[in-house]
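Chains as they are written, first to last, in the numbering used here: chain L, 321 to 457; chain V, 14 to 127.
Please keep in mind that the hints were generated in silico from the structure rather than gathered at the bench.
Fair warning: there could be bad hints in the mix.
Claimed, not checked - List of simulated lysine to aspartate or glutamate pairs, EDC-like, C-alpha gap at most 20 Å:
| hint | chain 1 | residue 1 | chain 2 | residue 2 |
| --- | --- | --- | --- | --- |
| 1 | V | LYS65 | L | ASP337 |
| 2 | L | LYS410 | L | GLU358 |
| 3 | V | LYS65 | L | GLU347 |
| 4 | V | LYS83 | V | GLU46 |
| 5 | L | LYS457 | L | GLU392 |
| 6 | V | LYS90 | L | ASP337 |
| 7 | L | LYS359 | V | GLU101 |
| 8 | L | LYS344 | V | GLU46 |
| 9 | L | LYS351 | L | GLU376 |
| 10 | V | LYS57 | V | GLU119 |
| 11 | L | LYS359 | L | GLU417 |
| 12 | V | LYS102 | L | GLU447 |
| 13 | V | LYS43 | L | ASP337 |
| 14 | L | LYS457 | L | GLU443 |
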Amino acid sequence: MKGSSPVVELTLPVLPDMELAATKTAEVVAKHMDLSDEKSAEISMALIEACINAFEHSGTNKKIEIHFRIKEDVLEIQVTDRGKGFDESKVNIPKIEEKIVSDRKRGWGLQLIKELMDSVEFESSTEGTTVTMTKKK
Amino acid sequence: MSDFSIDVKEEGDVVIISTDGYLNNVGGEKIAEACYEKIETGKKHFLLNLEKSTVVNSIGVSILIEIIEKLQDHDGKLGYFNLAPIVEKTFSIMGLTKYSTIFTSEGEAIAEMS
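With the sequences and hints as input, model every part of the structure.
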């Protein structure tokens, strides 16, 4: 059924704050789907984090692609970079008790995406990474 | 691309920093710089008014964790008020509420922090 779902496509250059362009599109899509303000805000926050991760993974490939797939009861968003990939299993779950005393305070993106969306899946290889995340209506 | 600005004022012993714009790494650094300057002058209680920062990212919020760590060294406190629901949720997921306080209003915040 994937082929029959309307898709909004967006290509972003890796430039400062360009993730905000993605959130503007997400807001329009969420409104089209009649999602609540709360869900729309959660989608935007998760999307910001997914874009930032993709920007950081992109290496010399200076753009990322985003697909918003509008299904009957769910919004599916895919964020794809053409970087060198990453191993999700090697990403530690951040804990504030450790971060507060650590030199590295960052590393919260995946945790936020998982908490804010209904499902999150990663496909990663040496040719790039695709994060697929969904939000139910 | 995004503009971020802060306004700093003092209410007694409490420093109130009002932000305007996307709280990303640039915004976080501006807040931290303002806090550290005030810490140098002996201030240790800080409040962030985030009414005009309804969009944040985890890098900007991570810098707030740096500020909390710094304030712990000075027996200080960090609090917030006027948070958008998604910002409050983000702070909660990241655990900031274990080491800093979200207040419902400026009045409550100043009363509790003073």
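Cross-check of the supplied hints:
1. LYS65/V x ASP337/L: Holds, at roughly 17 Å.
2. LYS410/L x GLU358/L: Judged against 20 Å, a Cα distance of about 31 Å means the pair is violated.
3. LYS65/V x GLU347/L: 18 Å, holds
4. LYS83/V x GLU46/V: Between LYS83/V and GLU46/V the Cα gap is close to 12 Å, so the pair holds against 20 Å.
5. LYS457/L x GLU392/L: 9 Å, holds
6. LYS90/V x ASP337/L: 30 Å, violated
7. LYS359/L x GLU101/V: Roughly 14 Å separates the two Cα atoms, so the pair holds.
8. LYS344/L x GLU46/V: 30 Å, violated
9. LYS351/L x GLU376/L: 29 Å, violated
10. LYS57/V x GLU119/V: 17 Å, holds
11. LYS359/L x GLU417/L: 28 Å, violated
12. LYS102/V x GLU447/L: 34 Å, violated
13. LYS43/V x ASP337/L: Answer holds: LYS43/V to ASP337/L is near 16 Å, not above 20 Å.
14. LYS457/L x GLU443/L: Status violated; Cα separation ~24 Å.
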